[in-house]
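2 protein chains.
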Amino acid sequence: MVMPDALRRFKAEVFQALAHPTRIAIIDLLGEKELSAGELMEKLGIEQANISQHLAVLRSRQLLVNRKVGNQVFYSVRDRLLLEVLALMRTYFQNHLTGSLALAREMSSENKRMKATRS
Amino acid sequence: MVMPDALRRFKAEVFQALAHPTRIAIIDLLGEKELSAGELMEKLGIEQANISQHLAVLRSRQLLVNRKVGNQVFYSVRDRLLLEVLALMRTYFQNHLTGSLALAREMSSENKRMKATRS
DNA sequence: ATAGTATATTCGAAGTATCTAATATTCGAA
DNA sequence: TTCGAATATTAGATACTTCGAATATACTAT
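Chains as they are written, first to last, in the numbering used here: chain A, 98 to 216; chain B, 98 to 216.
Simulated from the structure, these hints should not be mistaken for lab results.
There may be inaccurate statements among the hints.
Since the list can't tell identical chains apart, any single copy or any two copies may satisfy a pair.
Cross-link-like lysine to any residue pairs, in silico, SDA-like; alpha carbons within 25 angstroms at most [as the list claims (entries may be wrong)]:
1. K165 with R106
2. K165 with H193
3. K140 with H193
4. K140 with R106
5. K130 with R106
6. K140 with A109
Produce the entire structure from the sequences given, and follow the hints as far as they go.
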């Protein structure tokens, strides 16, 4: 029996939300601790409007929640289960990165550092 | 320290591959057993060219492998870890589906059946 | 009230994804 | 070798995503 289409669309939307390097970086950072939009902007070194747009995507798919404190808006991951999914994916990526040759070349110098750190 | 950009792009590509309802359906079906392109086409009821294109996406990101048997091409999931990721996501979706109101409405009749089946 | 800071939204250009229809390739059987 | 079946690729139309620039909103402090 085939999964209901509505559920497949829902899943696809969540994956779609994760399908951008900047948004992956955002979720990884927020997995450690809550951060304001401005702090994220600083850490990622991208335009204010751009991060705001990416946050809007993650909000609209309900991967993030936010709370206002005065002038600032602090974001965090809505459900830590999502972080477990990402952790599992990390294992997956480690299994297959070396098979991805063009990438391996591009990353040869960053490789050792990476293995020592969390992602 | 921020994750290297090349790695973030690689991850994003994998999520991108999962970011389509038809492709999610394909992976779910192949999680049970190897199937030919034609069998997938039949089960999903979509155009031949279309499924072939979706299979090409999944192949190019190396989520699937294939073997030829005469005229046919059989596909299977390359790494079962990916299926574990999808299984975890199922739990995630169950936690949040009910919060997604428009969807809940759309699915009200399929709901009980769904909980009884694997997805 | 006004100015300043933090964040969100809108707009338009450029790029990417998706679909169908048409065509190409590959293989086995007659 | 030609035919038919299974699959892949290409082409072109349409829809979606992404970006930076400009503008809007919301809140604080003066």
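Verification of the supplied hints:
1. K165 with R106: neither (31 angstroms within a copy, 31 angstroms between copies)
2. K165 with H193: Between. Shortest inter-copy distance 23 angstroms satisfies the 25 angstroms Cα cut-off; intra-copy 40 angstroms does not.
3. K140 with H193: neither (28 angstroms within a copy, 30 angstroms between copies)
4. K140 with R106: between (32 angstroms within a copy, 17 angstroms between copies)
5. K130 with R106: For K130 and R106, the Cα distance is within 25 angstroms only across copies (23 angstroms; inside one copy 30 angstroms).
6. K140 with A109: Classified as between; 19 angstroms across copies, 28 angstroms inside a copy.
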